[in-house]
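Undergrad: Chains as they are written, first to last, in the numbering used here: chain A, 1 to 404; chain B, 1 to 196.
Just so you know, these hints were derived from the structure itself, not from any lab.
A portion of the hints provided could be inaccurate.
[To be verified] Below 30 Å or equal to it, Euclidean Cα-Cα: the simulated DSSO-like pairs (lysine-lysine) are:
{"no.": "1", "chain 1": "A", "residue 1": "K381", "chain 2": "A", "residue 2": "K219"}
{"no.": "2", "chain 1": "A", "residue 1": "K220", "chain 2": "B", "residue 2": "K88"}
{"no.": "3", "chain 1": "B", "residue 1": "K12", "chain 2": "A", "residue 2": "K62"}
{"no.": "4", "chain 1": "A", "residue 1": "K220", "chain 2": "A", "residue 2": "K381"}
{"no.": "5", "chain 1": "B", "residue 1": "K148", "chain 2": "A", "residue 2": "K244"}
In this text, all values refer to a predicted model and were calculated from it rather than measured experimentally.
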Amino acid sequence: MEPLDRDLEEGLLELPSEPMMLNMGPSHPAMHGTVRIVLELSGEQILKADVQIGYLHRGFEKMCERGTWSQVFPYVDRCNYVSPMLNNVGYALAVEKMLGVTVPERCQYYRVVLGELARICDHMICSGAMCMELGAFTPFLYYARARENIWDIFEEETGARVTHSFGRVGGMANPPSKYFKDMVRAAVPRVLALVAEGEKMLLKNRIFLDRLEGVGVMKKEDALALGWTGIVLRACGVPYDVRKAHPYMVYDRMDFDVPVGTTGDNYDRFMCRQEEIRQAARIIEQALAQMPDDGPINVEDARIVMPPKNEVYTTIEATIQHFKIVMEGIKVPAGECYSYTEAGNGELGFYLVSDGSGTPFRVRIRPPCFATTQGLEQLIKGAMIPDVVPTFGSLNMIGGECDH
Amino acid sequence: MSKRVLEILGEKFGHDVLETHSQFGDDTAVVSPARWLEIARFLRDDPRCAMNMFVDITAVDYLGRQTQRFEVVMHLRSLERGHRIRLKARVGDEDGQNAEIDSVVSVWKGANWFERETFDMFGVVFRGHPDLRRILMYPEFVGYPLRKDYPADKIQPLIEFRKVQDKLPPFGPDEGMSFGRQTHDYRRDEPGGEAN
Numbered sequence: 001m002e003p004l005d006r007d008l009e010e011g012l013l014e015l016p017s018e019p020m021m022l023n024m025g026p027s028h029p030a031m032h033g034t035v036r037i038v039l040e041l042s043g044e045q046i047l048k049a050d051v052q053i054g055y056l057h058r059g060f061e062k063m064c065e066r067g068t069w070s071q072v073f074p075y076v077d078r079c080n081y082v083s084p085m086l087n088n089v090g091y092a093l094a095v096e097k098m099l100g101v102t103v104p105e106r107c108q109y110y111r112v113v114l115g116e117l118a119r120i121c122d123h124m125i126c127s128g129a130m131c132m133e134l135g136a137f138t139p140f141l142y143y144a145r146a147r148e149n150i151w152d153i154f155e156e157e158t159g160a161r162v163t164h165s166f167g168r169v170g171g172m173a174n175p176p177s178k179y180f181k182d183m184v185r186a187a188v189p190r191v192l193a194l195v196a197e198g199e200k201m202l203l204k205n206r207i208f209l210d211r212l213e214g215v216g217v218m219k220k221e222d223a224l225a226l227g228w229t230g231i232v233l234r235a236c237g238v239p240y241d242v243r244k245a246h247p248y249m250v251y252d253r254m255d256f257d258v259p260v261g262t263t264g265d266n267y268d269r270f271m272c273r274q275e276e277i278r279q280a281a282r283i284i285e286q287a288l289a290q291m292p293d294d295g296p297i298n299v300e301d302a303r304i305v306m307p308p309k310n311e312v313y314t315t316i317e318a319t320i321q322h323f324k325i326v327m328e329g330i331k332v333p334a335g336e337c338y339s340y341t342e343a344g345n346g347e348l349g350f351y352l353v354s355d356g357s358g359t360p361f362r363v364r365i366r367p368p369c370f371a372t373t374q375g376l377e378q379l380i381k382g383a384m385i386p387d388v389v390p391t392f393g394s395l396n397m398i399g400g401e402c403d404h
Numbered sequence: 001m002s003k004r005v006l007e008i009l010g011e012k013f014g015h016d017v018l019e020t021h022s023q024f025g026d027d028t029a030v031v032s033p034a035r036w037l038e039i040a041r042f043l044r045d046d047p048r049c050a051m052n053m054f055v056d057i058t059a060v061d062y063l064g065r066q067t068q069r070f071e072v073v074m075h076l077r078s079l080e081r082g083h084r085i086r087l088k089a090r091v092g093d094e095d096g097q098n099a100e101i102d103s104v105v106s107v108w109k110g111a112n113w114f115e116r117e118t119f120d121m122f123g124v125v126f127r128g129h130p131d132l133r134r135i136l137m138y139p140e141f142v143g144y145p146l147r148k149d150y151p152a153d154k155i156q157p158l159i160e161f162r163k164v165q166d167k168l169p170p171f172g173p174d175e176g177m178s179f180g181r182q183t184h185d186y187r188r189d190e191p192g193g194e195a196n
């Protein structure tokens, strides 16, 4: 079509405009959590962004200072509500590092299997929510269906579906149930099939790809300086995985690959997650094969682990021991330690300070999403409004953990 | 491996490295807060240390246990060398005053939110931080919740309806557009409507 007036220059035809301020969030169906993003827009382009968190802050670290070391477990669960088992194990490992104990081998394998199942859950929820935010609802249902399979296992093992609180200092709350291995072996192929189906629906979808490819690119050096860890860092091309770099538990006996991206855009992050689900399945397979069927699940230390219930009722020693642990808490040697594990989003660190009593002096959680979310501002600067939603979704911010 | 970093720090900064220890296998250096920024930059730039990965900044409140009340704790990691180090500095009086330390945002920009959080929770002021405001609590919150003398069951009064500033904090005074409720007060123009 010809312009209406050929004599006018194009610049004069544009309407005078000022940057517009737009509030996205705090709570919106298309947002991946409770967070407010204040945007300054020029048309549809983002000039500046300010990400504001804290809507779920509940004083996690203050609460931890009020109970015993064991009473922290339920709080840790609520931090990451999509993969609580990884947080449970991470905290248990931190306290065990201070106590200087190592849990029996059977328990280590048990923790690895449960942790990897939780990791699959975490990645599936993130990928599913991300495609749902882009309007693809069916894959989300597929992923949610797959997650159901894993939650059934968790329910069978721990008695709770979402907030397990299953970890204990020096072991786990219960030994694996009789059919644990069979259940996991039956569920994992089903999960993988559902994930593959969901992937098939997404990866040929033009809308999905256009919002992912080349959007939200982060450079490797920037990601490191921002403190990014986990999937988001690996998608930038840094092969850093705590399980490989500083193996804990029995991860050094496992054979698995660390998926690494090339450009660090949304697409890489999505694909790394998909690949990590498959790698987690590989780890589970190996761990199940190596896991002994019998043996103790808790350490043999009466100062740390509660005595069996029937002994508590019949012997005075066990009664005293039970009381000491419940009323006074486990005595953790004085000092400070930083323990880190690979959670669903990256390096989950616990900085613990003990004064030698049964109560933590300070529990500091270093949540991976806190560092990740602070990079969002940089990712969306210069992008369009519709890019905010998938970019934010691909970072997988977990509100409970980010806001402590 | 990280012990070597402690030695290098000791050689380079001498008496400003107040003490070092390796409790539970974590290598720690307590340094003088005056040279905090300098040491941070050295740790990043020196090829023997190459601490290019920022991990964490937090603080611990040792109320009544130390003459200098707060300990600012930083964790760093090197990608190439794979070692980790914990750097600590003691700041603040017994009543929590003068808790100030240099900001390391210029060294690792990831320190931004972590320093804001430490400020929010403990009241430790980071000098030279580009945008030091509360992050987890709301701006009207009085006191610092993670200090040991802040009662856990304290209730803060409800805040009044907040007056929206012309510009939100990250957008400086000379940039962005002015936006606020007064410009959108449609009721003022209506007949019989009251201006508020």
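Undergrad: Of all the hints given earlier, name the ones this structure violates by number, lowest first.
TA: Of the numbered hints, 3 and 5 do not hold.
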